[in-house]
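Undergrad: Chains as they are written, first to last, in my numbering: chain A, 1 to 659; chain B, 1 to 136; chain C, 1 to 307.
The reader is advised that the hints may include incorrect statements.
[To be verified] With a straight-line cut-off of 20 Å between C-alpha atoms, the simulated EDC-like cross-links for lysine to aspartate or glutamate are:
hint	chain 1	residue 1	chain 2	residue 2
1	C	K151	A	D466
2	A	K500	A	D354
3	B	K69	C	D285
In case anyone wonders, no lab produced these hints; they're calculated from the structure.
As a plain string of letters, each chain reads:
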Amino acid sequence: MNRIGVFVCHCGINIAGVVDIEAVKKAVAAYPGVVFARDYTYMCSEPGQDLFRKACTSGEVEGIVVASCSPRLHETTFRRTAADAGFNPYRVEIANIREQCTWVNTVDPQGATAKAIDIILSLVERTRRDESLVEAQIPVTKKALVIGAGIAGMMTALNITGSGYQVYLLDREPSIGGRMAQLSETFPTLDCAQCIFTPRMVEVGQNRDISLRTYCEVEEISGYVGNFTVKIRHKASYVDWDKCTGCGMCTDKCPTKVKSEFNMMLDDRKAIYTPFPQAVPNKVVIDSENCLYFRKGACRVCEKTCPLGAVDFEQKDWFEELEVGAIVVATGYDLYDKENIEEYRMGYSPDVIDGITFERLLSASGPTQGKLLRPSDGRVPEEIVFISCVGSRDPENHFPYCSRVCCMYTAKHAVLYKHRVPQGQAYVFYMDIRSAGKNYEEFVQRAVEEDEVMYIRGRVSRLYLDDGKIVVVGADTLSGANVEVRADMVVLSMAIRPAKGLEELARKLKIQTDANGFLAEAHPKLRPVETLSPGIFITGCAQSPKDIQDTVAQSGAAAAKVVELLSKEQLTHEPIVAFADEEICSGCGQCEQQCTFDAIELVQRRGNPATGIPDRSVAKVNEILCQGCGACIVTCPSGAMSQRNFRLEQVYSMIESFI
Amino acid sequence: MMKIQLSRQALLSELREQVKDLSEQNLLACYQCGKCSAGCPSIEAMDVMPSQIIRWVQLGQIEEALKSKTIWLCAACQTCKVRCPRGVDLARIMEALRQLVLRENVDYVHPNNISEEDLEELPQIALIANFRKFTP
Amino acid sequence: MSAVELSYMPGCTLKTKAKNFETTTLKLLELLDVHARELTDWYCCGTTYSLASDNVINHLGPIRTLVKAKEAGREDLLVLCSMCYNTLRRAQELVQHDEEKRSKINEFMYEEETDFTGDEVRILHLLTLLKETVGFDRLKEKLVRDPGGLKVAGYYGCMLLRPREIAIDPVAEHPSILEDLFAACGVDSVYFPFKTECCGSYQTVNEKQVVLSRTKAITESAVKNGADLIVTSCPLCHYNLDAYQPRVAEATPGFRTIPVMYISQVLALLAGLDDVQDYNLHVVDPRPVLRARGLMGKGEPAAGGKA
Chain A
1 MNRIGVFVCH
11 CGINIAGVVD
21 IEAVKKAVAA
31 YPGVVFARDY
41 TYMCSEPGQD
51 LFRKACTSGE
61 VEGIVVASCS
71 PRLHETTFRR
81 TAADAGFNPY
91 RVEIANIREQ
101 CTWVNTVDPQ
111 GATAKAIDII
121 LSLVERTRRD
131 ESLVEAQIPV
141 TKKALVIGAG
151 IAGMMTALNI
161 TGSGYQVYLL
171 DREPSIGGRM
181 AQLSETFPTL
191 DCAQCIFTPR
201 MVEVGQNRDI
211 SLRTYCEVEE
221 ISGYVGNFTV
231 KIRHKASYVD
241 WDKCTGCGMC
251 TDKCPTKVKS
261 EFNMMLDDRK
271 AIYTPFPQAV
281 PNKVVIDSEN
291 CLYFRKGACR
301 VCEKTCPLGA
311 VDFEQKDWFE
321 ELEVGAIVVA
331 TGYDLYDKEN
341 IEEYRMGYSP
351 DVIDGITFER
361 LLSASGPTQG
371 KLLRPSDGRV
381 PEEIVFISCV
391 GSRDPENHFP
401 YCSRVCCMYT
411 AKHAVLYKHR
421 VPQGQAYVFY
431 MDIRSAGKNY
441 EEFVQRAVEE
451 DEVMYIRGRV
461 SRLYLDDGKI
471 VVVGADTLSG
481 ANVEVRADMV
491 VLSMAIRPAK
501 GLEELARKLK
511 IQTDANGFLA
521 EAHPKLRPVE
531 TLSPGIFITG
541 CAQSPKDIQD
551 TVAQSGAAAA
561 KVVELLSKEQ
571 LTHEPIVAFA
581 DEEICSGCGQ
591 CEQQCTFDAI
601 ELVQRRGNPA
611 TGIPDRSVAK
621 VNEILCQGCG
631 ACIVTCPSGA
641 MSQRNFRLEQ
651 VYSMIESFI
Chain B
1 MMKIQLSRQA
11 LLSELREQVK
21 DLSEQNLLAC
31 YQCGKCSAGC
41 PSIEAMDVMP
51 SQIIRWVQLG
61 QIEEALKSKT
71 IWLCAACQTC
81 KVRCPRGVDL
91 ARIMEALRQL
101 VLRENVDYVH
111 PNNISEEDLE
121 ELPQIALIAN
131 FRKFTP
Chain C
1 MSAVELSYMP
11 GCTLKTKAKN
21 FETTTLKLLE
31 LLDVHARELT
41 DWYCCGTTYS
51 LASDNVINHL
61 GPIRTLVKAK
71 EAGREDLLVL
81 CSMCYNTLRR
91 AQELVQHDEE
101 KRSKINEFMY
111 EEETDFTGDE
121 VRILHLLTLL
131 KETVGFDRLK
141 EKLVRDPGGL
151 KVAGYYGCML
161 LRPREIAIDP
171 VAEHPSILED
181 LFAACGVDSV
191 YFPFKTECCG
201 SYQTVNEKQV
211 VLSRTKAITE
221 SAVKNGADLI
231 VTSCPLCHYN
241 LDAYQPRVAE
251 ATPGFRTIPV
261 MYISQVLALL
271 AGLDDVQDYN
281 LHVVDPRPVL
291 RARGLMGKGE
301 PAAGGKA
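I would like the entire structure built from these sequences, with the hints used as guidance.
TA: This is the structure we're talking about:
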């Protein structure tokens, strides 16, 4: 290519204030192969784009260099204008004479001018060797997978199907619902959680476009945006769900009692069970670790009882492959284990519990039918202490971050306690009160003034037991005194942690987790529901601790991104990707090992006995998966691996142009 | 009750820098949670909470901190240091404050002021430790 | 297990007011074929580790002792006193991690011609020795007396556990090494929530009020939870918890005294090593409790002492 046009942008005074634009134009225009060197104050503006467009359509040039700011800012702008004008966008290159020249060379205008010329000419050399490239078109499977069926996953699924697409909704528990199903009331309205939630659960269960995959785990993921293949494991429930009606007769007869995980170990369930009465789907599973048949070969009462013969002890785990275009990770949270707080362990009794356990005590469908009773002896706690920030905001020994929801749920707990135990006293040991949401501040003030919750500003140093009470040893920094409370019950606001197993799932999905184990968003401000892997989105507490309304809002956002993706007929992929010259490639496979995107595989090529070329293997790049990082090119020992419009000869030409 | 006049100069007082150097602690890391005070064994005899001492230091008001009885009641038990969620070693800050007084050649305790009976009774470990902490 | 040779540093108080700690420990160790050789030259550890960043001279005492231990040629240095343990360990950590201070100290000690790096000697507290070198099972084999239902309150105090870097138990805020030791010997430990709470330490010289209030809280907790005695490893804790009880009793109607003994005193009795202890060193006489549990040997004098 020998006809290159150059535009030199002033960028106001950012460039023109340092370099001598006329000198630059003169030097560049005189360079062999350069057809023109034109300047303008702001190339990115409408008139600037007009000038650029004219050059594209005039036929006077085959390649264009725009000397301006960093390509990160406007490469896309110029390439889009070029494409619209029918000019191949990959023959438009940016010469960065701002960030890499004038912004670092303000005191030496002469030097900056010389450098600007060097940079532009090197780009001219490069652009002459550019090829016309066409973006790859990828088809899109118009289905999505949502991993995690708590409020985050459920709302995401409902929103996606609302736009007309089908969703697989997966959860490792037998039922959907997640943590919200365990809650009693929600702040700040004190709505009954079950009342607002179970209709949604039913809606999800009945939605024809949502295919539930409960009691399943993700085994393996392959593919790429628009074309994922996800292998899932259906865990053996030992019950044929096609037959099971959830009548519960088997549960009634089962002789084995196991501590109920849903009720936070406060009471029992059976070995054949549904996790809670409103489960969707309303089917039982057998816990093979505790079931007498699996442990000792005995019993089988459930099998005998079931009128439909749904129990099947021979059932095995089985696998299914799902083809989807987008994945949303909504796996939720666990609470940090209180055993980790060494200095409190002296005071641990059954009456020292975490927030979710307290919710189960409050819940009308919980182990005490909503009566607030001590787990140890069933008595009503008259003095109750809530301790905030346990394990949070503790960079030295636990986690540095704030778990965000505890201030509000603690206030809620204290208020609900007072409603049930009007003669009792609630104390909250806190450091700060974070009540930034709508009506949150008012709610907390109500707790303080109407429900007489005593907020004590200071952390608790230790707990111990004395005469059936839990002694809470804390401080009130506001009055300057240590404060001790002999409590009947202590509720710890344990740090919010990502759900167990997230790290492994992230690895399978090839998405990042942050320093605290939560899923990493693509940009903290502007891309909160995307990951750096196209087609995989995140929402809810898997991304960071948050309350229900923020989760629902974020799930709406994730669903919108999914719909945006699925609504396209085709996806485009930038063509500046790696490719292997099969003539040179020796099939050593080092590039395949290096590639973090699994975009390279070795393929067989038949040889030709007539010409003596043997059968051999060569590297083949999947141009859709390739992200153009260049690692394979650096690794390739023979130089067979190259990158489109970033070939070694192009790089050499740039270097040669200024030495 | 007092009123403090704050300015950058007041905050970066020479004495505050000395406390920082002697203790090698990041004074600004303390967010006044009070956990150190809550676990302090000598709290009942103190006039000012241990966490308030560090507050005085943060505000550059070292003289206030030095007026307290608190810094002389510290038993160097290290409970504050071990439990601090920000990793601030308050025991070292207390030591630094005591040093500011003691290094002016002041004896906070003196063997002459200890009764004959005590000198007979007390194990030498107590006397050594006490003199170590309270004399220059 | 073959015979074990290690160096031993008693520290000041073990030769005087805390003599019982030394005599019972050495006798017990002989029984276990552990030979603790007292260093010919040792220095006062300084009791409390100096916390000022520039106070290097206060570290010389403990470092010199460690140098002597290095010269004695044995890998392990046994200490019994919690404060010696704390100061020696922390001085050792300082020398290992602060190159500037280390060279300053070595230079200052130029006459001793040493290039001490801090990792030549392992400082072993009695409890770690019994757990790791000897093993609780082997200790149990040597015990001949039935504990008779003895209940102890194992008092750790501060110096064995803080800071975390030198703690003798991995769970520094909720330790169990003392309880494990006694459990292995067939002795029950009571629930004792004040086991790591400070006794008041050196405030005993000029702020007796602090120690009084601490002793009251600690001993009351032990008594309330059914302990027969408190066991400790620190001469200062022993003094504070023992000698202040009469004063607490004066100020508190209904206060019940409880004897305070060193770990090895109890173990020695369980091992049948009688006539080793000087009960006159106690303020609260342990003999009535010991006798009630059948732990006193024949020929022990009748109850006396200062309490």
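Undergrad: If a hint holds in the structure, say so; if it does not, say that too.
TA: Verification of the hints:
| no. | hint | result |
| --- | --- | --- |
| 1 | C/K151 - A/D466 | holds, 18 Å |
| 2 | A/K500 - A/D354 | holds, 17 Å |
| 3 | B/K69 - C/D285 | violated, 36 Å |
Hint 3 from the earlier list is the only one contradicted by this structure; the remaining hints agree with it.
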